[in-house]
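Participant: Chain by chain, the residues run as shown.
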Amino acid sequence: KAGVTQTPRYLIKTRGQQVTLSCSPISGHRSVSWYQQTPGQGLQFLFEYFSETQRNKGNFPGRFSGRQFSNSRSEMNVSTLELGDSALYLCASSVIAGVYEQYFGPGTRLTVT
Amino acid sequence: ELKVEQNPLFLSMQEGKNYTIYCNYSTTSDRLYWYRQDPGKSLESLFVLLSNGAVKQEGRLMASLDTKARLSTLHITAAVHDLSATYFCAVDSGGSNYKLTFGKGTLLTVNP
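Protein sequences, first through last, are from chains A and B.
Whatever position you read off the first sequence (first residue = 1), add 20 for the working numbering.
Whatever position you read off the second sequence (first residue = 1), add 580 for the working numbering.
Think of the hints as simulated: they come from the structure by calculation, not from any bench.
All residues carry an ideal CB built from backbone N, CA and C; glycine is no exception.
Do not rely on the hints blindly, as some may be mistaken.
Think about it this way: if two alpha-carbon atoms lie no more than 25 Å apart in a straight line, the pair counts; the simulated PhoX-like pairs of lysine-lysine are [claimed, not checked]:
hint, chain 1, residue 1, chain 2, residue 2
1, B, K621, A, K33
2, B, K621, B, K679
3, B, K684, B, K597
4, B, K679, B, K583
5, B, K636, B, K679
6, B, K597, B, K648
7, B, K636, B, K583
8, A, K77, B, K679
9, B, K597, B, K679
10, A, K77, B, K684
11, A, K77, B, K583
12, B, K648, B, K636
Partial pick of chain B residues on the chain A-facing surface, computed with a CB cut under 7 Å [unchecked claim]:
hint, residue
13, L623
14, V628
15, N632
16, K679
17, F682
Away from chain A, derived, C-beta distances all over 12 Å, residues of chain B [what the hints assert, rightly or not]:
hint, residue
18, N587
19, N604
20, T608
21, D662
22, S664
23, A665
24, K684
25, T689
Using the sequences and the hints given, assemble the complete structure.
Facilitator: Right, here's the structure in full:
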């Protein structure tokens, strides 16, 4: 079974621009979560989607948004990029029944200059 | 707000030695996860602990969960260099909430 895929893997943007990251979950997984990882703040939860609905949201400004499509693929968008948004963005997918384990994708490394 | 504390944050070990990483969390939860991360890589799931007293072992790693003490441990037996990585514990907030709160991670270096 293919794992979680994220595109692009690396991205360089300029302050003030916006960016969209994409995540395709494992086949059959309906929940997709996003996390930001930085050296200073560690791993922080951004949001979680299930059946195209955002069920949970972390403590991030409104510049961070996301959505999920009917095929469970998810995108996250960051508008008006700031230098502090430079991070590894990780997507994880889960099944609903049984073990609530999250499987992480390889991440997108975003650098804001 | 759920808080997860790991210690130590840095651990330098000699090959062949044993050590334990501790993970304390602040609110009731019976779902705890251990992940491994190699430099520049994503998170690899190691263990899923879903009940009080759960113990799981894989190779030289053994994880346990004490929900009453809100404590999980990751024990390393006879460390080898290949175990060098950052280890994270994470706790989810319960119910159908898939929000994971992570500890800051333990950077493990195993020296020959």
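Participant: Work down the list of hints and note, for each, if the structure agrees.
Facilitator: Hint check results:
1. B:K621 <-> A:K33: holds (21 Å)
2. B:K621 <-> B:K679: holds (21 Å)
3. B:K684 <-> B:K597: holds (23 Å)
4. B:K679 <-> B:K583: Between K679 (chain B) and K583 (chain B) the Cα gap is close to 13 Å, so the pair holds against 25 Å.
5. B:K636 <-> B:K679: holds (23 Å)
6. B:K597 <-> B:K648: violated (29 Å)
7. B:K636 <-> B:K583: OK: K636 (chain B) and K583 (chain B) at ~23 Å, within 25 Å.
8. A:K77 <-> B:K679: Satisfied, since the Cα-Cα distance of roughly 8 Å is no more than 25 Å.
9. B:K597 <-> B:K679: violated (35 Å)
10. A:K77 <-> B:K684: holds (20 Å)
11. A:K77 <-> B:K583: holds (16 Å)
12. B:K648 <-> B:K636: holds (18 Å)
13. L623: Holds, because the Cβ-Cβ distance from L623 (chain B) to chain A comes to roughly 4 Å (cut-off 7 Å).
14. V628: Holds: closest Cβ of chain A sits about 5 Å from V628 (chain B), inside 7 Å.
15. N632: violated (16 Å)
16. K679: holds (5 Å)
17. F682: holds (4 Å)
18. N587: Per Cβ check, N587 (chain B) is outside 12 Å of chain A; nearest 14 Å; holds.
19. N604: holds (16 Å)
20. T608: holds (16 Å)
21. D662: holds (20 Å)
22. S664: holds (18 Å)
23. A665: holds (14 Å)
24. K684: Nearest chain A Cβ is 5 Å from K684 (chain B), so the label is violated.
25. T689: At about 17 Å from chain A, T689 (chain B) clears the 12 Å cut-off, so the statement holds.
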